[in-house]
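Residues per chain, in single letters:
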Amino acid sequence: GAVVSQHPSRVICKSGTSVKIECRSLDFQATTMFWYRQFPKQSLMLMATSNEGSKATYEQGVEKDKFLINHASLTLSTLTVTSAHPEDSSFYICSAFGQPEAFFGQGTRLTVV
Amino acid sequence: AQSVAQPEDQVNVAEGNPLTVKCTYSVSGNPYLFWYVQYPNRGLQFLLKYITGDNLVKGSYGFEAEFNKSQTSFHLKKPSALVSDSALYFCAVRVYGGATNKLIFGTGTLLAVQP
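Heads up: the sequence lines are chains A and B, in that order.
Heads up, the first sequence is in this note's numbering, so the first residue is 1 and it goes up one at a time.
Heads up, the second sequence is in this note's numbering, so the first residue is 1 and it goes up one at a time.
It should be emphasised that the hints constitute simulated quantities derived from the structure, not laboratory data.
The reader is advised that the hints may include incorrect statements.
To give a feel for the contact side, a few chain B residues facing chain A, derived at Cβ under 10 Å [stated by the list, open to error]:
| id | residue |
| --- | --- |
| 1 | P7 |
| 2 | D9 |
| 3 | K22 |
| 4 | Y36 |
| 5 | L44 |
| 6 | S70 |
| 7 | T72 |
| 8 | S84 |
| 9 | A87 |
| 10 | L88 |
| 11 | G97 |
| 12 | L103 |
| 13 | F105 |
Cβ atoms here follow ideal geometry from the backbone N, Cα and C, with glycine treated the same way.
Let the sequences and hints guide you as you build the complete structure.
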């Protein structure tokens, strides 16, 4: 099946710094990718839809200036957590649609200290 | 509103026994339904899907699910549970409409299989 690769799998950063997470579709082109956030023992919360060559669409309540999304090519979307704070610590997951199921990256565990 | 419900936070089953993880949905039109499994600190892994055709769909690792239109359900089943099946399971529906094209997830069900 299709593969979505997410990097890094784990990152620890200092409060106030920015962190970039990459999501790549390895064997297919994805005009749309999705970014989720997951809290412990909870479901996935859709943060934003990343559209290749255009602005991302953010879900209600998600700060677009805080979570910058860039989808510069058909195989790469990035999520940058700017000026990270401890409350941004979470598990972030990206995905892209195949036909018709979605494929998910391995997830990134972000810890802000 | 379009939604997916997983009424059980946790399902406990003994190894070798059959298991069922429940899912109901509410969508307009014909649903595209999916089951995913998540192991700790990992992304979601696709198990199976229902698009059209036979109501009983078979997927990975011996799992299957039955689509029931009248009950708007898509329960996940396995005839004989393994300890290694212990994980978090998500039911999801793909919704389309205008500019919308996304997955809606249930809240997840933790499956615990005891040896």
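Verification of the supplied hints:
This hint is violated: B/P7 has a C-beta 14 Å from the nearest C-beta of chain A, more than the 10 Å allowed. Interface hint at B/D9: satisfied, since its Cβ lies 9 Å from the closest Cβ of chain A, which is below the 10 Å cut-off. This hint is violated: B/K22 has a C-beta 15 Å from the nearest C-beta of chain A, more than the 10 Å allowed. Using the Cβ-Cβ criterion of 10 Å, the hint placing B/Y36 at the interface with chain A is satisfied: the shortest such distance is roughly 8 Å.
Because the closest C-beta pair between B/L44 and chain A is about 4 Å apart, less than 10 Å, the hint holds. Taken as an interface hint, B/S70 does not check out: its beta carbon lies about 23 Å from the nearest beta carbon of chain A, beyond 10 Å. Contact between B/T72 and chain A, as hinted, is not supported at the beta carbon level, the nearest pair being about 19 Å apart and thus beyond 10 Å. With a cut of 10 Å, the hint placing B/S84 at the interface with chain A is violated, because the nearest CB-to-CB distance is about 19 Å.
Given the 10 Å rule on beta carbons, the hint for B/A87 is violated: about 12 Å separates it from the nearest Cβ of chain A. Restraint check, B/L88 versus chain A: the minimum CB separation of about 8 Å is within 10 Å; hint holds. A least Cβ separation of about 14 Å between B/G97 and chain A goes past the 10 Å threshold, and the interface hint is therefore violated. The criterion of a C-beta within 10 Å of any C-beta in chain A is met by B/L103, whose closest approach is roughly 6 Å, and the hint holds.
Because the beta carbon of B/F105 sits about 5 Å from the nearest beta carbon in chain A, less than 10 Å, this interface hint is met.
Taken one by one, the earlier hints fail for this structure at numbers 1, 3, 6, 7, 8, 9, 11, listed in ascending order.
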